[in-house]
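Number of protein chains: 2
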Amino acid sequence: MGAAAFVLTTCASVSVGQVGMDGSDGMDAVDFQILEQSRSGTQGYDIVEGLTTEVGERLAGTEAEARARDWTVAKFKEIGLENVRVEPFTIPGWERGVETAAIISPFPQEMLLTALGGSVATPAGGITSDIVYFPTFEDLEAAPMGGLDGKIVFISGRMEKAPDGAGYGPANRKRQSGATEAGKRGATAVVIRSVGTDSHRFPHTGQMRYADDVAPIPIAALSAPDADQLERILERGETVRMALNIQPRATGDMPSGNVIGEIVGSERPEEIVLIGAHLDSWDLGTGAIDDGAGVGITAGAAQILIEQGLRPKRTIRVVAFGAEEVGLLGGFAYRDRHADDLDKHVLATESDFGAEPPYEVLLGVTEGDAVIREVAAALNLPIGTRGTNGGPDIGPMARRGVPTMRFQQDGTDYFDLHHTPDDTLDKIDPDDIAENVAAFALMAWRAANAETDFRADTPDTDK
Amino acid sequence: MGAAAFVLTTCASVSVGQVGMDGSDGMDAVDFQILEQSRSGTQGYDIVEGLTTEVGERLAGTEAEARARDWTVAKFKEIGLENVRVEPFTIPGWERGVETAAIISPFPQEMLLTALGGSVATPAGGITSDIVYFPTFEDLEAAPMGGLDGKIVFISGRMEKAPDGAGYGPANRKRQSGATEAGKRGATAVVIRSVGTDSHRFPHTGQMRYADDVAPIPIAALSAPDADQLERILERGETVRMALNIQPRATGDMPSGNVIGEIVGSERPEEIVLIGAHLDSWDLGTGAIDDGAGVGITAGAAQILIEQGLRPKRTIRVVAFGAEEVGLLGGFAYRDRHADDLDKHVLATESDFGAEPPYEVLLGVTEGDAVIREVAAALNLPIGTRGTNGGPDIGPMARRGVPTMRFQQDGTDYFDLHHTPDDTLDKIDPDDIAENVAAFALMAWRAANAETDFRADTPDTDK
Numbered sequence: 001m002g003a004a005a006f007v008l009t010t011c012a013s014v015s016v017g018q019v020g021m022d023g024s025d026g027m028d029a030v031d032f033q034i035l036e037q038s039r040s041g042t043q044g045y046d047i048v049e050g051l052t053t054e055v056g057e058r059l060a061g062t063e064a065e066a067r068a069r070d071w072t073v074a075k076f077k078e079i080g081l082e083n084v085r086v087e088p089f090t091i092p093g094w095e096r097g098v099e100t101a102a103i104i105s106p107f108p109q110e111m112l113l114t115a116l117g118g119s120v121a122t123p124a125g126g127i128t129s130d131i132v133y134f135p136t137f138e139d140l141e142a143a144p145m146g147g148l149d150g151k152i153v154f155i156s157g158r159m160e161k162a163p164d165g166a167g168y169g170p171a172n173r174k175r176q177s178g179a180t181e182a183g184k185r186g187a188t189a190v191v192i193r194s195v196g197t198d199s200h201r202f203p204h205t206g207q208m209r210y211a212d213d214v215a216p217i218p219i220a221a222l223s224a225p226d227a228d229q230l231e232r233i234l235e236r237g238e239t240v241r242m243a244l245n246i247q248p249r250a251t252g253d254m255p256s257g258n259v260i261g262e263i264v265g266s267e268r269p270e271e272i273v274l275i276g277a278h279l280d281s282w283d284l285g286t287g288a289i290d291d292g293a294g295v296g297i298t299a300g301a302a303q304i305l306i307e308q309g310l311r312p313k314r315t316i317r318v319v320a321f322g323a324e325e326v327g328l329l330g331g332f333a334y335r336d337r338h339a340d341d342l343d344k345h346v347l348a349t350e351s352d353f354g355a356e357p358p359y360e361v362l363l364g365v366t367e368g369d370a371v372i373r374e375v376a377a378a379l380n381l382p383i384g385t386r387g388t389n390g391g392p393d394i395g396p397m398a399r400r401g402v403p404t405m406r407f408q409q410d411g412t413d414y415f416d417l418h419h420t421p422d423d424t425l426d427k428i429d430p431d432d433i434a435e436n437v438a439a440f441a442l443m444a445w446r447a448a449n450a451e452t453d454f455r456a457d458t459p460d461t462d463k
Numbered sequence: 001m002g003a004a005a006f007v008l009t010t011c012a013s014v015s016v017g018q019v020g021m022d023g024s025d026g027m028d029a030v031d032f033q034i035l036e037q038s039r040s041g042t043q044g045y046d047i048v049e050g051l052t053t054e055v056g057e058r059l060a061g062t063e064a065e066a067r068a069r070d071w072t073v074a075k076f077k078e079i080g081l082e083n084v085r086v087e088p089f090t091i092p093g094w095e096r097g098v099e100t101a102a103i104i105s106p107f108p109q110e111m112l113l114t115a116l117g118g119s120v121a122t123p124a125g126g127i128t129s130d131i132v133y134f135p136t137f138e139d140l141e142a143a144p145m146g147g148l149d150g151k152i153v154f155i156s157g158r159m160e161k162a163p164d165g166a167g168y169g170p171a172n173r174k175r176q177s178g179a180t181e182a183g184k185r186g187a188t189a190v191v192i193r194s195v196g197t198d199s200h201r202f203p204h205t206g207q208m209r210y211a212d213d214v215a216p217i218p219i220a221a222l223s224a225p226d227a228d229q230l231e232r233i234l235e236r237g238e239t240v241r242m243a244l245n246i247q248p249r250a251t252g253d254m255p256s257g258n259v260i261g262e263i264v265g266s267e268r269p270e271e272i273v274l275i276g277a278h279l280d281s282w283d284l285g286t287g288a289i290d291d292g293a294g295v296g297i298t299a300g301a302a303q304i305l306i307e308q309g310l311r312p313k314r315t316i317r318v319v320a321f322g323a324e325e326v327g328l329l330g331g332f333a334y335r336d337r338h339a340d341d342l343d344k345h346v347l348a349t350e351s352d353f354g355a356e357p358p359y360e361v362l363l364g365v366t367e368g369d370a371v372i373r374e375v376a377a378a379l380n381l382p383i384g385t386r387g388t389n390g391g392p393d394i395g396p397m398a399r400r401g402v403p404t405m406r407f408q409q410d411g412t413d414y415f416d417l418h419h420t421p422d423d424t425l426d427k428i429d430p431d432d433i434a435e436n437v438a439a440f441a442l443m444a445w446r447a448a449n450a451e452t453d454f455r456a457d458t459p460d461t462d463k
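The listed protein sequences correspond, in order, to chains A and B.
Each residue of the first sequence is one higher than the one before, counting from 1 in UniProt numbering.
Each residue of the second sequence is one higher than the one before, counting from 1 in UniProt numbering.
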């Protein structure tokens, strides 16, 4: 699939043009112009370049996220979006602090790790305890209650690579529930092998959750090489003692917000085609692939239409969601604020899987998908067999009946960088992001001009 | 050359066997046995696995390097080396401390960097100053004296990839002399783009030097993505202010040492064939490719001979040099301690370029190189056109006339990892390191059994 996507990127303007000459796919001159301008342009790349350079990391609820909102408001206005505004909401803040770890015995050495988002701190100065090893999260789940009193639990387990990121869900269970399952059994802290597919010395952060009825214990992620090292040390068969000190802190109610801009529809302006991405990032990198790329792709797609002087019949709304990483809070805030007009959202989709080209189109509609299929054909993309909820921030509104679709990007290497310090601009290929801009621009344009009511018979696609 | 080396690795035992059947290359059954046992064995890999797992990082002069010496003494005895001993010496100690940096304006954000080895600290709490940008070290050299008063100098410049690491010397000038050249002109501190070929968010450390007649100023290296980011920020044209705080410290006289073990020769035990590597590493990673691999390759080669019950006519001496990273101090200590018997060293070579397979053989002898050429032919390796000083720790004795040779390994990707936290065991391919063991075992065996006096007419190969 990666190879097919690559061919598409390098040959697309020729092959699509040839298809168009046949007149077989419903494409007209404006459609071709949108693809051509997107592919030859740098609109998406320029936006992610600006956001990651001029703001950098933008952790939800922090002053950096607030600067990112200001930056995005200015950028949306600069590219010609209308009704530019912030819809504010409040989130529980969390910030990282000191984080160190070391093997104390039998082989003294430092280990590189990072606190998971939402984790409580160790006592000041840290803790020192013996490691109890679970090769997988399932092994921990199968362990008897009790028996881990005062121990530091180490949960390993590797994530499989896949174009659609299918390994993420299974690998992520230890991140989301490791502290709860270890805490239930009496553990004092948890370290996990990072949820990721690389072998670089970057720990991967990401949000964790505590169950209401279990006392919270600290949880942090080791880089893959550090997890390998700890496994080798454990294989020697001696008791392994670790010193662990993480000092993240909850910062109370903090501001976040969704930044919105529109191309107002000429005939049915109250009907919304929503294209979105999330503006916040984790604090370790500059959030280039997660999700500055999505902000660039969606705002860049709108910019293409504006620059071509194209005004659709329905309104195209670009949303840069806040606070996605810490629990899809911008997606929920949008759904709640727009509860009364969700029925006017005719289609919604999010870009949040890096900047590699799409290799298939997923449908979250059951009626009137002809337009989406035409766009997929014009992009030389097959229709995938799975459904979609449109993306993480779209999920909450999808569960209230908003029709969705998604361009499935090639995410084979996405989890090499995801939630690490290494998520930086140099990882984005300008040609690849331009191909995504082309896809979003054409889809938004065609959906906003269609007569289709994508809503009819839309199933509950929550996943 | 990488492709040729790869073919060698996968096909070598067959093709060499076939050559041997022709009897055309002077190889005998013992030679083939050495190659076969090396290639099918894990001796080298097991040694670097043990060293990096059970000791980890081992910065020169620290307690960790002392533990590495103890570990190596035990390992040398375990594999059957004779006359195992440490030749101690004293070095000026240096240790890393806090190191943080941030852009203060116009776009506030943290930057990842690390102090260069030997650097002085900033004043406690750090300094804040404007950045003055030099695209290359040569641009700084060309700048007028004065004019940088109180500024933080940023020296960029990219290193080119090459199989033989030819880009390292030119790129390294800013690391070694950046503080001197900036200090001469009044600067208060220096940050450089890391000397490396990757685009990961790892700064590369490495030793720097101060000139005697210039007041020392602190110097640190930014990761490549951070240097890119700083360049993009500078391109915006506004004054860029940086806060920089590095707190390394000189720790006074500290112990180091060279660990030595031998296979004593049966006929001319006083004549030495020396195969060596360096035992110390930088403190950021676990020193797997630099130079745990070399310790594994050379000690593993001796282990192969011992396990086969092979005793050479001359003595094969394995040396694990201390304190290489901080100025080749083990190499100089060895030269000085052995000043009176350097004339008994008939050939010396070092492995210090990772674990990728060799692609050519370099000569530092002018007489009696027939044995070396035979070994190269048996390994299917061409003779390179350049000379060699045998490796960093061999250089000092080479300048006193000790004949040398070197297996030039493929170092195309070596500087992706060199001197970073990412120099860890997972980067070593067991088959590749086994091929290096084969090369060293056969060379040591053949040179130690030869009648050749490699010394005759040995030129001054210092480079």
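Rather than coming from a laboratory, the hints here were simulated on the basis of the structure.
Wrong hints could be hidden among the right ones.
Where chains are identical, the list cannot tell them apart; a pair therefore holds if satisfied intra-copy or between any two copies.
[Unchecked claim] Derived lysine to aspartate or glutamate pairs resembling EDC-like cross-links, with alpha carbons at most 20 Å apart:
1) LYS184 to GLU160
2) LYS427 to ASP228
3) LYS427 to GLU110
4) LYS151 to ASP130
5) LYS427 to GLU231
6) LYS344 to ASP70
7) LYS344 to GLU110
8) LYS77 to GLU267
Quick rundown of the hints versus the structure:
no., hint, result
1, LYS184 to GLU160, "neither (28 Å within a copy, 53 Å between copies)"
2, LYS427 to ASP228, "between (25 Å within a copy, 12 Å between copies)"
3, LYS427 to GLU110, "between (28 Å within a copy, 19 Å between copies)"
4, LYS151 to ASP130, "within (6 Å within a copy, 48 Å between copies)"
5, LYS427 to GLU231, "between (30 Å within a copy, 16 Å between copies)"
6, LYS344 to ASP70, "neither (28 Å within a copy, 73 Å between copies)"
7, LYS344 to GLU110, "neither (55 Å within a copy, 42 Å between copies)"
8, LYS77 to GLU267, "neither (23 Å within a copy, 86 Å between copies)"
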